[in-house]
Amino acid sequence: MLGKTAGGLYWMFRYLERSENTARMIAAGMRLALTSPDGDEEWSSILQSATMDWGYQQKYGTSITRATAVDWMLRDRENPSSVINVVEGARNNARLVRTALTREVWEAVNQTWMLLRDLLKSHVKESDLPYVLQVIRQQSAYVRGAVSGTMLRNDIHNFIRLGTFIERADNTARIIDVKYFVLLPNASAVGSTLDNVQWDSILRILSGEGGYRLTYGQDPRPREIAQFLILDRRMPRSLAYCGAVLASNMQHLARDYDQRVHSHALIEALSVTHLSRGVDEIFEFGLHEFLQDFMGFIAEISAQIEVDYRFYE
Amino acid sequence: MNTRPTFDEMWGTSRELRTLYATFQQWFEGESLARLRKKQREAEDVFRLTGITFNVYGQQEAAERLIPFDIIPRIISGREWTRLSRGIEQRVRAINAFLHDIYHRQEIVRAGRLPAEMIAKNAAFLPQMIGVKPAGGVYTHIVGVDLVRTGEDEFYVLEDNARTPSGVSYMLENRETMLHMFPELFTKHRVQSVSNYPKNLHRSLAASAPAACDGNPVVAVLTPGIFNSAYYEHSFLADKMGVELVEGHDLRVIDGRVAMRTTQGYKAIDVLYRRVDDEYLDPLNFNPDSALGVPGIMDVYRAGGITIANAPGTGIADDKAIYSYMPDIVQFYTGEKPILQNVPTWRCSDPQSLTYVLENLADLVVKEVHGSGGYGMLVGPTASKKEIAAFRDKLKAKPSNYIAQPTLALSSVPIFTNAGLAPRHVDLRPYVLVSPEGVKITPGGLTRVALKKGSLVVNSSQGGGTKDTWVLED
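Heads up: the sequence lines are chains A and B, in that order. First residue of the first sequence: 1, per the UniProt record's numbering; consecutive thereafter. First residue of the second sequence: 1, per the UniProt record's numbering; consecutive thereafter.
Derived by calculation from the structure, the hints in this document are not laboratory data. Take every hint as true, because none was put in to throw you off.
Listed next, the in silico SDA-like pairs over lysine to any residue satisfying Cα-Cα at most 20 Å (straight line):
(1) Lys240/B x Asn154/A
(2) Lys267/B x Arg310/A
(3) Lys267/B x Ala254/A
(4) Lys199/B x Thr102/A
(5) Lys267/B x Gln259/A
(6) Lys267/B x Glu313/A
(7) Lys240/B x Glu107/A
This is chain B alone, in the form it adopts within the complex (with noise of 0.2 Å):
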């Protein structure tokens, strides 16, 4: 286990106040706890009314909960940024090559880079997107990319979310609550803006369109409906591109296109920004039983008919046991060093890994590969013994389920409590656009923060909450 002292973004190593935080430091000292903490009461109030919330399933009496938000910005400097979305617009460029690559020639697996059963084998490899060209060859439109940092200059990638990150929306909201709420710290600092996510989400995906699109491309988001955990986020990035927001039911294909069921008729979609999962993307080609997705919308679009975004198939990239070929595939696609580190990952389908995960469980993080929203995992360093004992039979029962990392010392964000400032541990998730026109990246993104003391896991379904993140000008 780590034993150096956490990085903390506003007091460093050794509580010297960065001079990044100096005047939020000097504004934060002026301010009286009692407004504070009515601010925060506040931010509360207004996400309930605007309906900011996530659906938990299983959880009835919860149905509908509001992810906490924290008032104290993390702040990121301009150079820090720029370094950073060198790495990612890096990843992001190789994964889409990748993508491409795995559905046609697959030179990787003929280098010998990548055992060919980690994408015969995989779940989510998509036999259906063989040989398919997306329009402009793009696979992955969107991505949200999970960094964590342990030190003044070091990132990690800790996952990549080729298929449908969600976040967007919180980044959006926390910004316009923050503008709201405390207008003069935005004089104080300049802060570069976020609110042109929508505008270029439409740009990009209309510069998306298949061959058939003639004229101005319709857009629409397909959301699963207003039962989805992520129903506001869809509904939110669907009104402010000002396209429409789908569910299967409003859908058909018609002449070979995919038309939404308008008062006057039907009307062909051009791009589609799906929500649904692959396998419930079309009852035809998937999953049977699907009532979510539309039947044979994947035959047009084969036909290049439809723009799917993201790319069936794109999980693929993903996968938590790709993940550990991620330096060597940003290396083979780009010809470059990878400018961001991946996590030193075990996978536990190969037999010496496992042996060295069974004996350190106490201080692993172990992963399913298919999961996801902090479920399915162990924190060794914060695990009962009868939870690792558990987990250790899991682990036994189908090792190939499975990756292991060591616990990294996150960086901590001070979070506004009751009695002042008080550290808790952050991830970040920048998001990212991928067109034709080439990738734009929105400075800041997403920080998701652990509230609980000590806690590793920021995770919303795990009671995690989110802050606003800054990233400077120069």
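Chain A with its partners taken away, still in its complex shape (with noise of 0.2 Å):
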């Protein structure tokens, strides 16, 4: 495969992952701003989860309202993150790859660029939001079943996984980290029902809280979230499926290619340095310092493999 193809695919699906990611978190948002009473106050801890607060502010300043801050994060062009630039790009993507994709996959992506294009010409009323973010959300698993249904699971495979897994490694751990760090800046409040709420809230983000009632029951407790979001290899959103699912594709790569890379003992490492603590090992060394490490791990894996694939010249 050329080098160019497999950048192609791992951006691609880096987008997609983020866009779906980017609702999620509106729709947490939305939530959060109907269930507190002070409202538009979440709107600020939702842009940082995002890594979407520096460029808003240099467009609007300090002051956050709902209104603007969906939009900044739905369809503004000037936000390289914002849903209708990933999902440009992953169609941009998608025609440069083209003959790597089945046309099954090719057409998924193609029609949810068409579908978000016209939902998101202009501003998207408070009212249709519910619908656009399920929108968005539904492409994205149309997408990612048409990848299961209809490609072979070689190396064109490997490196959409490896995209779509670095994003969402990165998503999950910005989400775990901005939440528990920003809403919680005072450790005391562990425990308390506004700490409550809040994990909740990233339960929600997630779609984990099925998932972790079937687990650990009705009540969200901290030290279980961060177990079940972190280290629970059956939540496919988690940091350690995220990482095994990273493992498996590098192996496959590995082997297809006879060949081992750098990026390979990166992600190797990652396994023994950061998924193979316990849940109180991570709070003992903390949260935040741990999450920052992991995502700073992230960027590093995600770079080396550029290199070793040679994505670029």
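Put the two chains together into one complex; each comes in its own frame, and the hints tell you how they fit.
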């Protein structure tokens, strides 16, 4: 496969994953704003979760309202990670790697782009927002389903999975980090009612409420939630799950190409240094510090993959 | 100007249904317009979802446009096709012989059949190709021959496209779409298949592998990138052939071979189907500013390390000034009378012709020698006085830049409009593959249709559409 193609596949699926996570974060923001007394306050932490706060402030300053925050995250062309920009980025990459995709996958991503281009043409009214967010998530699932149902399990598929799960690992870590760090500057609040509402919202963003309930019952407790979202390998958006998928795809590539590269060693190191710790050890080390380390490591792995597989000249 | 009635491929010249269309007409009569309108919209949705689009330069808003597709097929009989394809094969063989001659002994010039300056002063002539022997002696591997019809048995070649003819993906997708929407029509008609084109293209390219190739030839398609107007087609062809679609920056010359950067290192390419123009192909040998090409590829090519299809410098064969000599060229190299006619052409470089052209602008079509895609041309009969006056000045300023032709009464084929069938002018571009193994012509080709009533301009960049083209089994 061309290095350019591998890179195109990788970024196509990073972008798609990002669009879905952004929609998830906006949905959480909506819910928090509607269920908590201080409404628009929540959007500040949502923007931070999405690492879209800096750009937002450049444009709007410090005043944050639902309307401006949502607009920035969904459809602002100046925001490189806005849903419309990443969906267009995914679609441009899909055009670039068209020969590596089945017709179904191409059509799924092309349709996603056409739908969202129309839906996000103008400002989204509050009453339409739930529908728009639902479409974004559904389209992402549609593309994933087309991949799952029609693509060969070869190196193309490995790069698709690497892109998806590097992005997801990064996004999940950010969501946990910002929620924890921003909302709980004071460790004494752990266990309070407010705390539980916030943790509950993290579960919601990551579609983990049901899974958590099955595993731990009705009460959202920070320690268990952290255990679930960081270390539970059954949970498809947990850091451990992402790490396992990354490792297995790397192993496939190593076998397929009969070649071990540096990023393989990094992925293996990730599971030893970060994902084999217990939750208590992580809390002791500091959840925020742990997540920052983790994100740094993920970024390093991503950069190394680009070099190892010759994405660029 | 020609005042004969237009020949309609369904209704002839006297409004009598040609038997070729009898079955189709019967089917059409039994269909409701509402259902067909729905089908027409469905077809557009399919094209849009599949991304069968072309990019229009300089139109930000409509960066990607659909080429309008018309659901009424153009039908050609097996007998008509046999004659056409014989003429095309003859012409394409002559073109390849001509290209070889031009870059070697120039016998045709020595014989006094073609003025030396037609070559020496031609911008499409590449001195870098002099003495080069392409693998298997093939210069133009992929040719599109533009034909127009003016009567029951009258076909003219309007233009040869020996450089990088485009549109073949539309030929294939149009057929797929028709099969999908009107399967019953294909039960009623025995339509010759076009679907082998990608397989034949791959075979033809692989058969043209260079001496340096050991083992299975590695073929790749070279595209200028996703912003090129024909990018869809480039990726389509690479996909259907199962080969890599590369850009210049994926390639590099290593150890005398052109190699592509893969996830496992560099891998040599044997045959490159390039859809990048000559001047952008190699910044070391041609335009130094080009980022689209591969530095040094011409040196590898000359040394037999890679086959470039089509060969650099083939453009001289489809140059519009050379076109006017094509009947002589066919005769010279095949020793036979040309089966397909040329449209009579005035070369404005010739003072006598220029005088005639200037006096008769309102009746003529004037084209730029190096223009393409319907740009920079004057269609006399439909042009305003002001446009004609402006063109007259351009002509006088640089006569050798232009040729002129009479306006032909292009045949029409009905299109489907809201009110039912309505005749529109068409042309036809069949696609030809040439390899050391021989010449292969896909039955049919791309029918382009002027969607505006009375218009003779069928180019997609000028708002033309396309139709599925059926060649029936006899």
